[in-house]
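2 protein chains.
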Amino acid sequence: MSLAPTSDQPLYQQLADSFAEAIHQGTLKPGKRLPAIRRVAQSHQVSVNTVLNAWQMLEDRGLIEARPQSGYYVRGVLPAVTRHGQHKTRVRDPSSSKLDLIDKVFAAQNHPDYTNISLACPQDSELFPAARIARITASLLRRDPNMIGRYALPPGSERLREEIARRALHAGQTLTADEITLTHGCMEALQLALRAVTQPGDCVGLESPTYFFLFPLLASLGLKALEIPTDPQHGLSLDALEMLLQEQRIKALIAMPSAQNPLGCGMSLENKKRLAKLVNTYHVPLIEDGLYDELQFDWPLSPAVKAFDRDGWVIYCTSFTKTVAPDFRIGWTAAGRFHDAIARLKAVSSMAESALLSETLAEFLASGGYDHHLRTLRRRYAANLDEARGLIARYFPEGTRATLPRGGFVFWVELPGGVNTTEMFDRLLQEQICVTPGALYSLSERYNHALRLSCCYPFDARYTRAIQRAGEMACELAGVPCGEAQGVPLRPQTV
Amino acid sequence: MSLAPTSDQPLYQQLADSFAEAIHQGTLKPGKRLPAIRRVAQSHQVSVNTVLNAWQMLEDRGLIEARPQSGYYVRGVLPAVTRHGQHKTRVRDPSSSKLDLIDKVFAAQNHPDYTNISLACPQDSELFPAARIARITASLLRRDPNMIGRYALPPGSERLREEIARRALHAGQTLTADEITLTHGCMEALQLALRAVTQPGDCVGLESPTYFFLFPLLASLGLKALEIPTDPQHGLSLDALEMLLQEQRIKALIAMPSAQNPLGCGMSLENKKRLAKLVNTYHVPLIEDGLYDELQFDWPLSPAVKAFDRDGWVIYCTSFTKTVAPDFRIGWTAAGRFHDAIARLKAVSSMAESALLSETLAEFLASGGYDHHLRTLRRRYAANLDEARGLIARYFPEGTRATLPRGGFVFWVELPGGVNTTEMFDRLLQEQICVTPGALYSLSERYNHALRLSCCYPFDARYTRAIQRAGEMACELAGVPCGEAQGVPLRPQTV
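Note that the protein sequences, when read in sequence, are chains A and B.
Each residue of the first sequence is one higher than the one before, starting from 1 at the first, in full-length UniProt numbering.
Each residue of the second sequence is one higher than the one before, starting from 1 at the first, in full-length UniProt numbering.
If you're looking for bench data, these hints aren't it; they were derived computationally from the structure.
Accuracy of the hints is not assured; some may be wrong.
Which copy is meant is left open, because identical chains are indistinguishable; a pair holds if it fits in one copy or across any two.
Unchecked claim - No farther apart than 20 Å at their CA atoms in a straight line, the calculated lysine to aspartate or glutamate pairs in the DMTMM-like style are these:
#1 K104 to D178
#2 K104 to E423
#3 K273 to D298
Model the full structure from these sequences, guided by the hints.
Here's what the structure looks like:
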């Protein structure tokens, strides 16, 4: 175990991170007692309080547990997903069979009767300040019903853009309201960004695995995809990226550097700085998808790559759909040197965003309840992820690996024994349980044994039962006996 | 004067149309008494009641006036804009100077301090049922605040799509909810339609003059424009179109057949049927922009070309932004054979529309207040147009021509004496008055002497004064003495 201090993170967090990594990599095995607090303080030359804070953090993240009169112990965890050794980079057009599979899974995910354990759309209304937002909307309407009768023109609500700029400052981005374009969710921000910086036939670099809706989006714009190796823990491989940039093989790059979908991984601060430098040096725009940035578990939040964007080559895209009001679909982009082009594209593509919804969000952001709400969400998702990983450990075949997300609410599971998750998807669908097979997340077939799961659902019997059934199905397909579902005692976890 | 009866219109309307045309063409001059009602009934072989209804219609449209004890007289009107003899069809890329001018005018139009007499965005909140809509929204939020916390997924509100289908039936379109895709306003519908049916480099047929935002939209998609002669009264030239279709020179066509922007013209029922047949025969998609269809002045409304679409080659696009709730930006498309492609494009381009706003509209449509509201709007706009044309007649140079719209709230004015309206725009802007110069509505320079004006504003002293100033400026640029603005008595109108 080695501490890799960075000047931007508090000491206790660095300490917690290094122990988390040791646990995750199996250096510290489940059931093992952690060294005494005073010894750790001495050996790492930090105060006792720093160690206590670090332990608190590890406990919050479900990695260790306190046993009265005895000390701290490592909890049972899933082995980490490791980077695949082989990764052939190949420029691809999405095949129609791949796009059909995406259509099919997307349709299934939206089916109201299915139990969904993988869709990245929180369906638990407690996860949003709905009543508060509803009150603000109703109050705005009372004060000025005529708001509805005014035509929404670009660039849209100045107040919301000012609030966004104010908040972005906290996250290391120095923006003004004029640099922000409101969009119809993050999806439109990505779409406009791609249209602004590419021509049909161009090749776009993507993380691998990546958000699956990017494939039909690229296909709709006549763009080719080049998937870049992405570490399940540390994110995009910058060495591979630099090679591609040197060889001028991509015209743009889309990445989620802080809390990636589907892996949940985040890049280190150093890597973010290097990424910003790379795209500014090679003049290749980075479309930074920051959809889950405010749901990072570490505090203070790791800044966006955009924070280190020297000459405006980073197009930052995000939205309030995952944190405040999914139904409003208000997103935004800060597009640097591409601002004018994107603002113009937005106007001719869908004009502007609703003032009623924008002003509601502005009022919510201004009134100071957002940070409190975000803290609640982060705690909730971190706890949910831990519980969900616990269920996977319990019901899935031995050798199942999973990522440990740094934020958000999705994670990535890789199954042993040649299990084909597309087959698993088909069979689970007959039981009205919906998962997303790994095949969706790449144009290659390299993730056919993986699943993305999501824990933005209420942790009720239905959800638990669905995970259990998925685990049983996986055991069956892997040809190994099932776990406690059949009354067999809980398998000891290999870590 | 000749009656051109069509079996689909009531007799009194045919009669009114033929007299309107006679007035408009100058066969019946201002101040002239109309023939006695009984004589007209005899000569046209209709009942006295039919003639009375027709006169009522002409009076409503401001073309004639009743003088007690004396009969009906033709009112003073502007001469009609006639079709330009010369129209060179040329495939064009929008020049950057043209796009810059569009940007400049658009920015000026949105300036809150300017008096706008040309923007097609009703700013008079009385024109919308804002209070009613606000009550519906507030009530939905009270019943289910969690609506805000649910992720908006395609295809979006079934209830709204059902209401749209139900209403479309009245307008001759047999649609089901499943054939309708909700969009972020009509602009997004047009954008998605173009992306679904064209490839970069393709050529798209447009009316001339046409909605100016189509030029930057086409440019953003790498599409070329071919402007097709369009009669200021009867709309798109189908002979010219058929030639282009035969020669396979366009890949798609965008048109507003019922109430065109900027001319206000509408095609006859025969021409609509022929247009539908042409695009179905030549397999070239028609993107039918029906934005002002429900604001047609004639009743019953003339059906959309989509109503005669045999094999699904018509993509009907429209929105509620001009009639119910501009701020909501909810539009829709019924895309025939392109439905699946457009639904998929919508999902990857901006996902879906807000359930809160969609359900509000659905409730408003279902509750039966919409038709009443539309009747009020039609009466109001018809009266506004008449008043505005009266002001033009009063203050603009002799020889000024104007269109007589069949619906909506914009009309087209052509100035005599080589007046350059772009220069006029620049000079009026210094007085904080905003008009849209004709140069915007074509990639050619053939409308440099024209203006589009709009009467979706309150008819107050500010609006009147702005029109008067525009007229004075036009007189000055044309080198003719000003009208009554300078205390000179009102010029007699040449018709």
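Verification of the supplied hints:
1. For a Cα distance limit of 20 Å, the shortest separation of K104 from D178 across copies, 17 Å, qualifies, whereas the shortest one inside one copy, 40 Å, does not.
2. In this assembly of identical chains, K104 and E423 lie within 20 Å of each other by CA distance solely inside one copy; the values are 13 Å within and 56 Å between copies.
3. Taking CA atoms no more than 20 Å apart as the test, K273 paired with D298 passes inside one copy only; the shortest distance there is 18 Å, against 64 Å between copies.
Against the hints set out earlier in the document, no violation occurs for any number.
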